[in-house]
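Colleague: Can you build the whole structure from these sequences, using the hints too?
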Amino acid sequence: MSTLISLPDQSTARVPKKNYITNENGIMSWLLTGDHKRIAILYLISLTFFFFIGGAMAALIRLELLTPQSDLMASDTYNKVFTMHGIVMIFFFLVPSVPATLGNFLVPLMVGARDLAFPKINLLSWYLYMAGGCLALYAMITGGVDTGWTFTTPLSTHYVNTNVVTTGLAAFIAGFSSIFTGLNFIVTIHRMRAPGMTWFKMPLFLWANYAAAILMVLATPVVAIAIVLVALERTVGIGVFDPTKGGDPLLFQHLFWFYSHPAVYIMILPGMGVISEVISTFARKRVFGYSAVAFSSVAIAIFGFFVWAHHMFIMGVSNYAALVFSLLTMLVAVPSAIKIFNWTFTLYKGSITFETPMLYAFGFMGLFTIGGLTGVFLGVSGTDIHLTETYFIVAHFHFVMVGGMLMAFLSGIHFWWPKMTGRMYPEKISQLAAVVTFIGFNFTFFPQFLLGMLGMPRRYAAYPPEFQVLNVFSTAGASILGVGYLLPVLYLIWSLKYGQVAGDNPWQATGLEWQIQSPPLTENFTEIPVVTQDVYDYEWLERQKEHEVTHVG
Amino acid sequence: MDHISPVLWQFLVKWMTTFAIIPPEASTIAPKMDALLVFMTLVSIIGLTIVALLITTFSVLYRKDRNPQATQIEGSTLLEATWTIIPLGLFLIMFVWGSVLYFRIFTPPANAMNIYVVGKQWMWKAEHPGGQHEINSLHVPTGQPVQLTLISQDVFHSFSIPAFRVKREAIPGRYTTVWFEATTTGTYHLFCTQYCGTAHSAMIGEVVVQTPEDYKAWLASSTSGVSLAQNGERLFSSLSCAACHNGAPDARGPNLANVYGSKLTLTTGQPVLVDEAYLRQAILNPSAHITQGFAPIMPTYQGQISEEGLISLVEYIKTLNSNYRVQQTTNTTELLPEGPDKPGKSSAAQGGTK
Amino acid sequence: MDSHATAHSEAHEHPAHLRHHFMDAAQQKESATFGMWLFLLTEIMFFGGLFTAYLVYRNWYYPAFVAGSHTLDIKLGMFNTLLLITSSFTMAMGVWCSETRRKSGLVWSLIATIILGIGFLGIKTIEYKEKFELHHVPGSSFSAASFVNPPLDAQGKPKDTPLAPDMAIHTEVYFSLYFAMTGMHAVHMILGIAILFALLIKSAKGQYTTGHNTTIELFGLYWHFVDIVWIFLFPLLYLISRH
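Residue numbers (our numbering), protein chains in the order written: chain A, 1 to 553; chain B, 1 to 354; chain C, 1 to 243.
For the record, the hints were derived by calculation from the structure and aren't laboratory data. Note that CB positions come from ideal geometry on N, CA and C, so glycine has one too. Check before you lean on any hint, since a few could be wrong.
Just a few of them, taken from the derived set where beta-carbon distance is under 7 Å, the chain C residues facing chain A [as the list claims (entries may be wrong)]: (1) Ser-31; (2) Gly-35; (3) Trp-37; (4) Ala-53; (5) Leu-55; (6) Leu-134; (7) His-135; (8) Gly-139; (9) Ser-143; (10) Glu-172; (11) Ser-176.
BS3-like, lysine-lysine: derived pairs with alpha carbons at most 30 Å apart [said to hold, decoys possible]: (12) Lys-245(A) - Lys-124(C); (13) Lys-263(B) - Lys-245(A); (14) Lys-201(A) - Lys-29(C); (15) Lys-201(A) - Lys-120(A); (16) Lys-245(A) - Lys-64(B); (17) Lys-245(A) - Lys-131(C); (18) Lys-202(C) - Lys-120(A); (19) Lys-64(B) - Lys-428(A); (20) Lys-120(A) - Lys-205(C); (21) Lys-545(A) - Lys-64(B); (22) Lys-201(A) - Lys-64(B); (23) Lys-29(C) - Lys-245(A); (24) Lys-263(B) - Lys-17(A); (25) Lys-64(B) - Lys-349(A); (26) Lys-29(C) - Lys-120(A).
Modeller: Set out below in structure tokens:
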């Protein structure tokens with residue numbers, strides 16, 4: 001099968017001596033850097049660390065669920081493990097994943113700027129992230145927390161004796177890290193685009209991150225105040241959510257989901273941005289209906305603010321509130337459907353190759369479609385009654401978050417790896433990893449839909465024996481999935497030293513980031529580019545190449 | 001089949017024979033829920049197949065070997081409108097269908113039999129009107145709509161019966177309701193599905209659906225001797241409620257006869273419908289629930305009555321449909337008016353003499 | 001938001017305060033201002049959660065909220081409001097001085113702002129202390145007794161309408177929100193005063209009066225924002241049920 005990759009002649013090619021990695025040496029040059037690319041690398045390393053912590057928790061959960069009894073762990077240990085799995089994965093992996101790594105690296109490159117608007121705040125956001133992460137780990141080591149990641153009151157305020165306040169503080173700090181990242185993106189995209197880079201010449205990755213950044217800036221402070229009130233209620237004993245004092249625990253649910261539903265879009269939108277870039281590049285085509293995809297990102301962000309109460313359909317919201325929120329939820333499903341079809345039709349009359357990022361992108365499309373459609377099951381208020389709080393919902397959000405977001409993250413990492421490091425990873429084994437991940441994922445999470453239909457509740461350490469077979473399937477799948485996640489770490493690290501030299505533009509992609517050396521210089525562009533070409537303009541790229549050839553020749 | 005290990009083979013056979021993707025249908029709502037679920041599943045499968053087929057076909061037709069040069073296409077308003085409008089239409093159908101179902105499940109019929117369920121860490125306590133208590137189990141008859149009035153004594157719990165396709169959260173501090181009509185006898189799972197702390201996964205039980213005759217027999221065999229209303233009556237007198245709510249024309253508190261189900265006007269001028277939730281609130285937070293024409297003198301009973309006690313009081317007040325002042329003074333047998341559940345008369349005598 | 005130049009080795013010519021990644025000073029200033037407004041937007045959402053809670057509970061427990069607000073000292077609250085408004089004025093003076101390059105004017109404006117800010121916090125402390133003495137601080141020491149049997153005035157009449165006990169306990173919700181809201185506001189004041197000290201030291205060294213005053217301007221925005229939050233808190237917590 002033919003391939004798109006064009007690498008420079010390996011006998012003569014070298015990774016450029018002067019680049020952002022070699023610019024300065026020593027650990028302090030990294031810890032005090034203002035360079036968005038170095039901060040992206042710092043984030044990538046720490047995110048990977050937290051991902052594997054969360055992954056280890058997931059492994060423990062799956063092992064425990066291999067048998068119906070709670071025999072590997074006592075139920076309170078199990079509760080701590082799934083709580084930590086949720087908190088680490090959501091606050092310290094999924095929310096920052098694409099924005100903080102790929103977004104940090106690429107937003108300035110794509111708009112044609114030398115850095116994000118506020119480099120110091122960018123570095124501060126990484127330190128906040130690390131502080132939050134370390135605090136969460138500290139809470140975990142010194143006794144853990146068992147409220148579930150949702151910190152539901154009054155359980156979290158009055159009925160558990162674990163490190164709720166420490167963990168809440170960790171989430172609070174991590175929240176500020178994400179606010180600062182979002183703020184940086186919005187300002188950079190608004191104010192720092194290169195001459196000629198109009199809004200509709202921006203790659204869709206930027207649109208997606210812009211939409212996610214709006215959510216980060218507007219939604220995160222609400223959960224911050226909710227967590228502050230929980231902490232005050234626990235330590236001082238104020239009575240805002242405490243029903244015995246006249247407070248309303250449902251108010252906490254409203255405040256919490258006002259953030260945590262948009263947070264779902266914070267997690268998925270940047271991933272959608274990655275998929276747009278990857279599909280376009282490997283189909284050699286402009287994204288079908290560019291403006292529809294761009295606006296659907298913004299539409300998701302806006303609608304995303306008005307659907308939070310669909311998490312509370314059985315919790316005592318009025319029937320009419322359920323009606324309204326269910327309808328709005330149907331509306332937010334439409335832009336996602338638009339995106340899926342637009343990506344599919346980008347393939348039409350393209351010239352498609354199947355390198356690793358594209359395989360991950362295909363995986364994303366399949367799994368995200370399932371995740372999105374099953375989301376409709378839960379957004380429809382009637383069926384939500386039967387399916388909510390069961391494994392159906394667990395399967396649904398893992399299809400969206402892990403099947404969708406993690407696939408997109410891996411797709412993006414593989415796509416921009418040559419730009420970040422200047423080297424290629426081994427192609428065959430990475431394709432294998434993509435396939436293994438896809439298979440393992442389906443094995444792990446598809447049985448959970450069936451478990452949910454059968455009524456198996458989530459967060460159960462022990463369950464009725466008739467659910468065992470499907471749980472065994474799920475655990476077996478998880479072990480395949482684990483291999484799929486370990487492989488990339490190994491060969492990506494290997495490639496840092498032994499990978500082939502990638503050259504400036506191994507994929508023949510059109511974005512501004514591909515027109516400069518890999519890895520880029522610290523200042524990104526020797527001269528700020530003036531953008532004359534359209535977005536995803538592959539004909540322009542061809543002309544550029546011919547131009548170069550004639551000049552060199 | 002030789003090379004498949006016998007253990008694995010047995011495992012697969014076991015799975016194939018017990019394989020089910022939906023729980024048993026044991027309530028009137030279950031087939032309706034399943035119809036919608038089947039419809040949505042079909043739509044999803046068709047949608048997924050379309051996307052998968054398109055991706056596969058395009059990947060084959062337009063792979064680089066076959067189509068070395070891509071043709072640039074801007075987009076197509078017509079196509080995009082199609083895949084905006086068709087999914088929207090389908091989603092709206094599901095929305096309407098689902099909402100009808102939702103309203104049905106959360107709007108109990110007027111003739112429903114009421115069972116109270118109190119959730120606490122980590123058990124369910126069901127209280128039948130006749131005074132039968134059960135822990136982590138629920139007996140219900142077939143062919144009779146049953147309304148559950150749920151409340152939690154501590155944290156959020158959720159009362160889930162997959163075989164009935166119903167689920168409702170038990171919330172601290174307020175009543176929630178759900179109803180069902182069981183159709184098939186048998187024993188079904190009862191789960192707490194809202195995470196509620198350490199022994200969350202042990203907060204399970206069983207729902208026993210019986211024929212009306214068996215149910216009656218069970219009621220008779222598990223009676224505690226005191227119906228909820230009778231228990232409530234005892235509380236009513238031990239808390240001296242009757243000092244003010246004695247039904248006399250010059251009484252300091254409003255007459256409670258027939259108050260349940262009526263419409264009251266509060267001192268604030270606000271009209272309210274008297275239901276279980278209102279009665280409970282009026283006992284705990286009386287000052288915000290003063291009936292027009294009465295002074296705000298009632299003390300609060302917050303912290304003095306358990307949720308079970310409140311349920312009994314509410315049930316007692318619900319049964320007051322005559323001039324109960326006489327009943328208070330005579331207070332012997334035959335005082336309980338016949339409620340919808342017809343508590344046994346002998347047990348009424350027992351309760352009354354204590 | 002600190003935009004002055006750090007060690008800058010590159011040779012091309014531009015003002016010392018221009019960071020290398022901006023194309024020109026105008027872009028830098030626009031970005032910083034835009035960023036500050038976005039930050040204030042997140043602050044609005046942050047306080048928005050508290051205001052939502054306030055509105056819900058005020059609606060539910062109106063008599064408790066009225067009684068609770070009657071215990072606040074309206075004179076102290078009014079005086080604090082005046083202090084804050086004046087501090088906003090001195091801050092605006094500071095911004096004007098830095099624009100017109102008046103170093104000593106800037107320094108004195110900042111000092112005045114700091115003093116007024118600390119004055120505000122001092123008075124807030126007095127108010128908090130009184131609440132502790134009256135057992136109006138939510139938590140284990142809270143007591144609603146003074147709302148059931150209000151203290152008597154000189155004529156032996158109760159100072160306020162007595163509340164029924166069940167409504168009186170809901171004053172704890174009022175005081176929870178009172179402390180959460182004014183406490184969050186005070187935290188913002190303390191952070192602001194800390195930043196003010198840093199700005200003061202730098203302005204004394206002559207920064208911000210050389211034509212580049214974005215930092216002072218943006219801090220001014222923050223200070224006015226904190227002021228505006230108080231302008232909402234004061235009527236909601238102190239005034240709204242007075243006649």
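Colleague: Taking the hints in turn, state whether each one holds.
Modeller: Status of each hint after checking the structure:
Interface restraint check for Ser-31(C): the shortest CB-CB distance to chain A comes to about 4 Å, inside 7 Å, so the restraint holds. The restraint placing Gly-35(C) at the interface with chain A holds, with a minimum CB-CB distance near 5 Å, inside the 7 Å limit. Evaluation of the Trp-37(C) hint against chain A yields a violated restraint, the C-beta minimum of about 10 Å exceeding 7 Å. For the restraint placing Ala-53(C) at the interface with chain A, the shortest Cβ-Cβ distance is roughly 6 Å, inside the 7 Å limit, so the hint holds.
Taking 7 Å as the C-beta contact cut-off toward chain A, the hint placing Leu-55(C) at the interface is violated, the least distance being around 11 Å. With 7 Å as the threshold, the beta carbon of Leu-134(C) stays out of range of chain A, its nearest partner Cβ sitting at about 16 Å, so the hint is violated. Hint on His-135(C) is violated. Least Cβ distance to chain A is approximately 13 Å, over the 7 Å limit. Interface hint status for Gly-139(C): upheld, as the beta-carbon distance to the closest one in chain A is roughly 4 Å, under 7 Å.
Because the smallest distance between the Cβ of Ser-143(C) and any Cβ of chain A comes to about 13 Å, over 7 Å, the interface hint for this residue is violated. For Glu-172(C), the interface hint holds, since its Cβ comes within 7 Å of a Cβ in chain A; the closest pair sits about 5 Å apart. Interface restraint check: Ser-176(C) against chain A, minimum CB-CB distance 4 Å, threshold 7 Å, status holds. With a C-alpha separation of about 26 Å, the suggested pairing of Lys-245(A) with Lys-124(C) holds against the 30 Å cut-off.
Proposed proximity of Lys-263(B) and Lys-245(A) is supported: the alpha carbons are some 28 Å apart, at most 30 Å. Only pairs whose Cα atoms come within 30 Å are accepted, and Lys-201(A) paired with Lys-29(C) is accepted, the gap being roughly 25 Å. Annotation: proposed proximity of Lys-201(A) to Lys-120(A) holds, straight-line Cα distance about 28 Å (limit 30 Å). Of the supplied pair hints, the one linking Lys-245(A) and Lys-64(B) is violated, its CA atoms being roughly 68 Å apart against a limit of 30 Å.
The straight-line distance between the Cα atoms of Lys-245(A) and Lys-131(C) is roughly 18 Å, inside the 30 Å bound, and the hint therefore holds. With a CA separation close to 19 Å, the supplied pair Lys-202(C) and Lys-120(A) stays within the 30 Å bound. The suggested pairing of Lys-64(B) with Lys-428(A) holds, with an alpha-carbon distance near 18 Å, which does not exceed 30 Å. With a C-alpha separation of about 23 Å, the suggested pairing of Lys-120(A) with Lys-205(C) holds against the 30 Å cut-off.
Restraint check for Lys-545(A) and Lys-64(B): the C-alpha separation of about 19 Å stays at or below 30 Å, so the hint holds. Taking the CA atoms of Lys-201(A) and Lys-64(B), the gap is about 26 Å. The hint holds against a cut of 30 Å. Using a Cα cut-off of 30 Å, the hinted pair Lys-29(C) and Lys-245(A) is violated, with the two alpha carbons roughly 49 Å apart. Restraint check for Lys-263(B) and Lys-17(A): not satisfied, since their Cα atoms lie roughly 84 Å apart, outside the 30 Å limit.
Taking the CA atoms of Lys-64(B) and Lys-349(A), the gap is about 10 Å. The hint holds against a cut of 30 Å. Taking the CA atoms of Lys-29(C) and Lys-120(A), the gap is about 16 Å. The hint holds against a cut of 30 Å.
Violated hints for the displayed structure, listed by number in ascending order: 3, 5, 6, 7, 9, 16, 23 and 24.
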